[in-house]
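The listed protein sequences derive, respectively, from chains A and B. Per this note's numbering, residue 66 is the first one in the first sequence, and the count goes up by one each step. Per this note's numbering, residue 58 is the first one in the second sequence, and the count goes up by one each step.
Everything labelled a hint here was simulated from the structure, so no lab data went into it. All C-beta atoms, glycine included, are put in the ideal place defined by N, C-alpha and C. Keep in mind that a hint or two might mislead.
Selected chain A positions facing chain B (Cβ under 10 Å, derived; list incomplete) [stated by the list, open to error]:
no., residue
1, Pro258
2, Thr358
3, Gly360
4, Arg519
5, Ala524
6, Asp527
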Amino acid sequence: MDVLTALLEGFATALTPTHLALAVLGCVLGTLVGALPGLGPSNGVAILVPLAFSLGLPATSALILLTSVYYGAMYGGRISSILLNIPGDEPALMTTLDGHPMAKAGRAGEALALSGIASFVGGVCATLGLVLLAPLLARFALLFGPAEYFALYVLAFATLGGLAARNPVKALFAAALGLGLALVGYDTTTGIPRFTFGLVELYEGIDFLVAIVGLFAVSEVFVFVERGLRELPHPGRLGRVTVPLATLRRCAGSMLRGTGIGFVAGVLPGAGASLGSFLAYTTEKRVSDREGTFGRGDPRGVAAPEAGNNAAAGGALVPMLTLGVPGSGTTAVLLAVLMALDVTPGPLLFERQPDVVWGLVAALFFANLVLLALNLPLVGLFVRLLRVPPRHLMPLVAMVSFVGIHSISNNPFDLQLVIAFGVLGWVLRRLDVPLVPVILGILLGNEMEDNLRRALLIADGDWTVLWGSPLAVGLWTVAVLGFFGPVLAGPWLRRRRARLLAARD
Amino acid sequence: MRWSDRIFGLAALALGVAYVLGARAIETPFAVDPLGPRTFPVIVGTTLALTGLWPLLVPDPEPDWPRGRALAELAGAVAILLAYTVLLEPLGFVPATVLAAALLAWRLGGSLPESALFALLCAVGLRLVFVDVLELSLPRGLLGW
């Protein structure tokens with residue numbers, strides 16, 4: 066059983082004092098960021114990426130820190146959903162449906178404890194799924210040539226806008242914008258500068274960390290400034306943070322169903338945690354809601370989507386690690402981390418750097434344990450943090466982002482570029498243009514062009530090589546279906562979600 | 058009239074066209090591979106231009122743009138951050154951060170003394186964490202600290 070041996074070696078890598086300390090630190094920071102209203106996992110990881118990078122951590126350590134932040138933010142997101150009815154990000158939205166009514170009924174502590182346990186179940190099962198599925202997918206991915214990779218990238222862009230974007234054409238625009246930005250700088254094959262306008266600062270290309278921090282962290286500051294959000298609602302009393310055993314038993318099925326659905330949604334490109342928690346909730350409602358208690362504080366309505374979104378977070382790591390194609394915004398940010406650390410995700414990662422992969426997996430198991438501990442007895446501490454007013458939080462976010470970027474580049478030009486990306490991100494969000502495809506474009510642009518050019522070099526300029534193998538044809542088919550499917554299903558999905566949200570109020 | 062999306066579409070179209078023109082101007086000394094450095098940028102630029110056509114012709118409902126005061130606040134925040142990038146090196150991390158954080162906190166609704174105190178704590182705290190604990194280098198500037 067080579068997976069088991071590899072995993073044990075992974076535990077040996079992960080269980081060093083430094084790594085454990087990094088995992089704990091990551092979990093605390095992640096829960097903190099996730100718990101703060103308006104900030105989600107992608108913001109949290111974006112703010113901390115440049116720092117992890119400038120600290121010069123080795124690849125495995127940096128990855129352990131940042132995935133702990135990622136998992137932590139997924140756990141933390143539910144705190145503001147339940148207590149304040151303000152989700153930190155989209156996946157946490159479904160938790161407000163039954164979580165906030167529970168809090169209003171004086172069962173906030175119970176809802177927090179239950180959702181913590183559900184998150185743990187989802188997170189651990191998804192990590193197990195990752196252990197089983199990732200090596201299989203990695204072996205399969207070895208069959209990919211340049212043409213297949215090009216088709217895979219097209220697939221990623223076609224599906225990523227996916228169900229979240231109201232307007233798929235705008236998602237496509239976002240992807241093209243990202244690709245266009247990626248091509249700025251020296252052409253990797255010929256060394257010819259492209260789109261640099263003679264600016265020396267642009268010769269090396271636009272650092273994707275700059276783009277990520279601008280689009281995900283600084284634009285968030287602008288949103289707060291412009292909305293003039295002064296005070297947040299008071300979180301209210303927690304009550305006891307425990308779950309009666311009977312409730313737990315009643316919710317066991319919900320958690321497992323939520324986990325399964327969430328994991329599958331996470332693995333599928335473009336679906337991600339938002340769809341995972343949505344499907345987990347709606348399925349659970351259909352299966353269990355006999356007395357019409359869903360939406361009025363039914364514990365099962367908390368357990369299912371929480372298990373679902375944490376399972377999806379784990380599932381989304383599968384395509385990111387094995388194919389180098391992220392399934393969600395946060396995994397796109399994590400992909401950026403890997404690339405910044407000179408770790409190339411993809412099938413070869415499992416052969417060449419097994420210590421990175423399995424160390425990460427072991428760290429994920431550990432992180433889930435830490436998070437369970439943090440979230441049951443210590444949740445009160447995080448709740449107190451919700452009282453930090455935005456006027457203190459937002460300057461802190463801006464300054465930490467700047468320090469991070471400054472420490473990797475030491476160049477005011479890059480800081481100004483961060484602000485430019487912040488403004489761009491704010492405008493694009495207003496226009497309903499999703500930001501994740503922009504990031505993905507910046508990340509994958511050069512790879513995509515390389516693969517296209519290599520495919521055509523091998524085929525001597527014959528474009529039909531791009532759909533010359535059954536595998537490539539399959540990928541193109543999924544890409545087309547993935548692009549047009551949501552066009553048809555998206556409005557239905559959004560209507561349903563809106564109805565669920567409206568029914569509660 | 059749904060102007061926002063029409064303007065956005067027009068901008069995307071213009072950007073795409075400019076991108077294609079820019080791509081065609083890339084000099085290729087000799088052909089190393091069948092595609093060369095121009096083709097992919099041309100594809101990307103064309104996609105940009107084409108995706109601009111849709112919002113131009115079928116615009117979405119108008120987003121709710123900030124007006125007056127909110128817009129001024131936003132411009133103010135951008136100006137504060139830009140000033141920060143310029144002042145960071147000459148003033149040093151702590152003074153520049155005190156200034157920028159105090160102004161931001163004040164504009165987000167704090168009183169002036171409270172914002173100043175917060176900014177001071179924020180700057181000194183970040184300085185201690187980043188320089189002394191994490192050993193990153195930040196500009197020392199005027200104070201030499």
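Hint-by-hint comparison with the structure:
Interface restraint check for proline 258/A: the shortest CB-CB distance to chain B comes to about 9 Å, inside 10 Å, so the restraint holds. Because the smallest distance between the Cβ of threonine 358/A and any Cβ of chain B comes to about 35 Å, over 10 Å, the interface hint for this residue is violated. For glycine 360/A, the interface hint is violated, since its Cβ never comes within 10 Å of a Cβ in chain B; the closest pair sits about 28 Å apart. At a threshold of 10 Å, the smallest CB-CB gap from arginine 519/A to chain B is about 8 Å, leaving the interface hint in force.
For alanine 524/A, the interface hint holds, the least distance from its beta-carbon to any beta-carbon of chain B being 8 Å, beneath 10 Å. Here the hint on aspartate 527/A is kept, as its CB sits about 9 Å from the closest CB of chain B, short of 10 Å.
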